[in-house]
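Got chain A sorted already, so can you dock chain B onto it with the hints?
Below, each chain spelled out in residue letters.
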Amino acid sequence: MIRLLVPMAVTLLLLGCQPMALQPLSALNSRIEQAGGSREPALSGRWLALIAGRGGRERVELLDLDRALPVPVPGLNRVDAQPLSVSVDAAGERLALVRQLGGRTELLLYRRSLASLQRLDLQPDGVPRRVQLRADGRQLAVEVSREGLWQIDLFELP
Amino acid sequence: MLLQSQPGGALQPLRHLSRQTPHSSPSLSWNGRYLAAVVSIGERRLVVVEDRLRGSVLRLPLPGGGQPERVSLAPDGGRLAVQLQQQGRRRVQLFSLSAVLEPDRPGGLRVLGGGSEP
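Chain order of the listed sequences is A and B. Sequential numbering of the first sequence, starting at 1, is according to this note's numbering. Sequential numbering of the second sequence, starting at 1001, is according to this note's numbering.
Only chain A is shown next, with the shape it has when bound in the complex:
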């Protein structure tokens, strides 16, 4: 009985708590709409990284929210790759990315000032699915499928 009552009580609590009005950021939302469909948002500082595209061709985009403009990310996107997850640090300097390329799922770290893309290896081997960079860009959490289990790997980044 207690097993039933506890989830019910929490549900009632959540349904009953005071709803707060969310204020859409209309100008920024219009800018995001221009890119077509979009998914996998990652906010940090003045930056929003997301995966956007039309007709099944998707790419990673980085928006400067203060200027409501996309910023260039040379060398990050490839037409033959499918991005799956992205995250950005608060400086807009580092982006972590999971993508599929040639039948393989890759974990990558991009440094915007260098336009460099570095592959990160999982040990032991696994299939990365999602990434989350800490706001200072010095730690990366990766959701990994490994031997039938979902696990979280943490990377310290120099």
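To be clear, the hints were calculated from the coordinates, so they are not data collected in a lab. Since the model is a prediction, treat every value here as computed from it, not as a measurement. Be aware that a few hints might be false.
[Said to hold, decoys possible] A partial selection of chain A residues facing chain B, derived with a Cβ cut-off under 7 angstroms:
1) Leu-22
2) Pro-24
3) Leu-25
4) Ser-26
5) Ala-27
6) Leu-28
7) Asn-29
8) Ile-32
9) Ser-38
10) Pro-41
11) Ala-42
12) Val-71
13) Val-127
[Stated by the list, open to error] Ranges of calculated distance between the beta carbons of each label pair, as one might list FRET restraints:
14) Trp-150(A) / Asn-1031(B): 18 to 28 angstroms
15) Leu-1011(B) / Glu-33(A): 33 to 43 angstroms
16) Leu-157(A) / Pro-1063(B): 29 to 39 angstroms
[As the list claims (entries may be wrong)] Covered stretches of chain B (in silico footprint by chain A; criterion: 3 or more residues with CB under 8 angstroms from a CB of chain A, positions within the stretch not fixed):
17) 1056 to 1068
18) 1072 to 1086
19) 1091 to 1098
The C-beta atom is built at its ideal place from N, Cα and C for all residues, glycine as well.
Same frame as chain A, but now just chain B:
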């Protein structure tokens, strides 16, 4: 939903979200004061934010409908990005939380001026 502090992985208490399932897409503010997530209640999905300092939970209904799938909370808690499924299409929308949440800034940042140097 579990919350760990790093390094060490010690479990930190969650007053509202620890028992609620299914839930997805946890997103933390700078100091871990706020934890945003998508919570499923029956057929409904809700965006909620637990304020660990106050021990409260905020329900954030989305204007315009659409089912929330993922959220990303800005580290200072000032903005929220939501991935919505609406009419078979996925899109991201941004919302301001500045009137709803107090900022959770990184440690050591002066918020208010005034007074002489120590």
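Run the structure past the numbered hints and jot down the numbers of the failing ones, going up.
Numbers 4, 5, 12, 13, in rising order.
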